[in-house]
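Student: Residues in the sequence shown are numbered from 8 upward in steps of one, following my numbering.
Calculated from the structure, these hints are not laboratory results.
Small disclaimer: the values here were computed from a predicted structure and weren't measured.
Treat the hints with care, since some could be wrong.
Distance condition first, Cα-Cα at most 27 Å in a straight line; then the derived DSSO-like pairs of lysine-lysine [stated by the list, open to error]:
1) LYS145 x LYS82
2) LYS55 x LYS68
3) LYS68 x LYS149
4) LYS83 x LYS68
Per label pair, the in silico range of CB-to-CB distance [to be verified]:
5) LYS82 x SER59: 33 to 43 Å
6) GLU131 x ALA60: 38 to 48 Å
7) PRO57 x LYS83: 11 to 21 Å
Don't be surprised by glycine CBs; every beta carbon is placed ideally from N, CA and C.
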Amino acid sequence: MRLLSLLLASLTLTGSALAAQPSSDAAFYLEAAECTAGFKDSVVQHLKQPPSAKRNQAILKDTEHGFVLIGVAYKKGLRNPEADQMLKAAEARWSQLAPTQQSSRLARCTQQADRLMADVSGLERFLVRNRAQARVDKLLAKEQRATAP
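Generate the whole structure from the sequences, applying the supplied hints.
Tutor: Right under this line is the structure:
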């Protein structure tokens, strides 16, 4: 969870840092934070379901989507502590959305993350997938230890 937290933390920005960034980057950081909060919540919801290959694949896909957004935001210049603050605020806003709003928002975020994944270099795509797989493996191993007798 620490790696995911560190990566997710790179998505937050304070108002003063937003003002210092070009408006297109600031808008992207906000969008990335909102989407990452949604993907993070989706992973949490999937983990509440009974284990299955389909559930685990959905967790991996959501994790990859969040990681590509985080990576692009980092590449554009977003750093901590602003990233932590922005993600925390996005998570609070996400929790206030109605389930139908969350669902439609997450669908748009998925499209955006898929576009970003297609646009990054082969090396960047490899890194996103590799780190996402490692993170999911760690989550699933922790889940197995918690349910083992």
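Student: Sort out whether LYS68 lies within 27 Å of LYS55, counting only the CA atoms.
Tutor: Given that 27 Å is the threshold and the Cα spacing comes to 16 Å, the pair holds.
Student: Quick one, are LYS68 and LYS149 close enough, alpha carbons at most 27 Å?
Tutor: 19 Å, holds
Student: Taking only the CA atoms, is the gap from LYS83 to LYS68 under or equal to 27 Å?
Tutor: Roughly 23 Å separates the two Cα atoms, so the pair holds.
Student: Run the distance test for LYS145 versus LYS82: straight-line Cα separation, threshold 27 Å.
Tutor: 25 Å, holds
Student: Please test the hint of 38 to 48 Å on the beta carbon pair from GLU131 and ALA60.
Tutor: 27 Å, violated
Student: Indicate whether the distance between the beta carbons of LYS82 and SER59 respects the range 33 to 43 Å.
Tutor: Given range 33 to 43 Å: holds, Cβ gap about 34 Å.
Student: Tell me if the beta carbons of PRO57 and LYS83 are separated by a distance inside 11 to 21 Å.
Tutor: 39 Å, violated
Checked against the numbered hints given earlier, this structure breaks hints 6, 7; the rest are met.
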